[in-house]
Amino acid sequence: MAVIQATDTDFNDVLTGNQKVVVKYYADWCGSCRLFAPKFKRMSDDEAFTDVAFVDVNAENNPEARKLAGVTNLPFFAIFQHGKLVDTVAASKEDAVRTLIHKLEA
Amino acid sequence: MKVPVIKTLVETQNLEALVAAEEAILEEQTPEITVEGADEGEQLTHVMAAIWILNHMQDHNTDFKTALREYTKKVRVSIS
Chain A
1 MAVIQATDTD
11 FNDVLTGNQK
21 VVVKYYADWC
31 GSCRLFAPKF
41 KRMSDDEAFT
51 DVAFVDVNAE
61 NNPEARKLAG
71 VTNLPFFAIF
81 QHGKLVDTVA
91 ASKEDAVRTL
101 IHKLEA
Chain B
1 MKVPVIKTLV
11 ETQNLEALVA
21 AEEAILEEQT
31 PEITVEGADE
41 GEQLTHVMAA
51 IWILNHMQDH
61 NTDFKTALRE
71 YTKKVRVSIS
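Protein sequences appear in the order of chains A and B.
Note that our numbering numbers the first sequence so that position 100 is 100, with each residue one more than the last.
Note that our numbering numbers the second sequence so that position 28 is 28, with each residue one more than the last.
To be clear, the hints were calculated from the coordinates, so they are not data collected in a lab.
For every residue, glycine included, the Cβ atom is placed at its ideal position computed from N, Cα and C.
Heads up, a few of these hints could be off.
Computed list of lysine-lysine pairs in DSBU-like fashion (alpha-carbon distance at most 30 Å, straight line) [claimed, not checked]: (1) K73(B) / K93(A); (2) K41(A) / K93(A); (3) K84(A) / K20(A); (4) K74(B) / K2(B); (5) K93(A) / K65(B); (6) K84(A) / K39(A); (7) K2(B) / K20(A); (8) K41(A) / K2(B); (9) K7(B) / K93(A); (10) K2(B) / K73(B); (11) K39(A) / K20(A); (12) K93(A) / K74(B); (13) K7(B) / K41(A).
Just so you have them, the derived chain A footprint on chain B, three or more residues with Cβ under 8 Å [unchecked claim]: (14) 46-60; (15) 64-78.
Calculated from the model, a selection of chain A residues having no Cβ within reach of chain B, i.e. all distances over 12 Å [claimed, not checked]: (16) T16; (17) L35; (18) K41; (19) E47.
Working from the sequences, and respecting the hints, build out all of it.
Structure follows, in structure tokens:
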């Protein structure tokens with residue numbers, strides 16, 4: 001599945017339009033974010049996560065979406081279920097993000 | 001992210017060398033120039049910061065401190 005690029009304008013629509021969502025907050029100045037981009041895309045194609053929407057948010061330009069998850073570092077990941085924040089992690093390791101996504105209930 | 005590392009890169013490298021280092025890190029290769037950092041992500045952040053600051057200094061005819069202030073504003077606003 002393609003990674004959805006969301007902004008403050010459509011972030012709530014993306015959260016409410018998808019039951020399970022994982023958001024990657026990034027910034028153009030962040031090297032770890034740039035290195036993680038292909039991993040996030042690969043994870044979005046993983047059969048284990050077919051029911052999860054993968055979303056990218058530029059933290060620098062989207063303060064509302066950023067504040068909703070309480071972004072403290074980058075890259076930063078947040079999972080949402082039925083539009084509500086479930087958990088977050090600031091990490092550059094794929095394992096940490098996979099563990100986070102698995103917290104989404106079946 | 002460590003400002004002294006960025007400062008050293010700005011003072012000792014040119015844009016060409018920094019862009020080559022950026023490409024090397026993205027391709028999981030060792031850059032020809034020395035780039036300090038805890039991991040590849042931080043190294044890449046340092047290189048991209050040095051590129052941004054050098055470009056800003058040239059485009060706006062400013063000194064390092066002014067360009068660094070503009071850069072740190074970008075960083076701060078992303079995580080506040």
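Hints and how they fare:
| no. | hint | in the structure |
| --- | --- | --- |
| 1 | K73(B) / K93(A) | holds (26 Å) |
| 2 | K41(A) / K93(A) | holds (14 Å) |
| 3 | K84(A) / K20(A) | holds (10 Å) |
| 4 | K74(B) / K2(B) | holds (15 Å) |
| 5 | K93(A) / K65(B) | violated (33 Å) |
| 6 | K84(A) / K39(A) | holds (25 Å) |
| 7 | K2(B) / K20(A) | violated (36 Å) |
| 8 | K41(A) / K2(B) | holds (29 Å) |
| 9 | K7(B) / K93(A) | holds (28 Å) |
| 10 | K2(B) / K73(B) | holds (15 Å) |
| 11 | K39(A) / K20(A) | holds (19 Å) |
| 12 | K93(A) / K74(B) | holds (24 Å) |
| 13 | K7(B) / K41(A) | violated (33 Å) |
| 14 | 46-60 | holds (count 5) |
| 15 | 64-78 | holds (count 5) |
| 16 | T16 | holds (25 Å) |
| 17 | L35 | violated (5 Å) |
| 18 | K41 | holds (15 Å) |
| 19 | E47 | holds (26 Å) |
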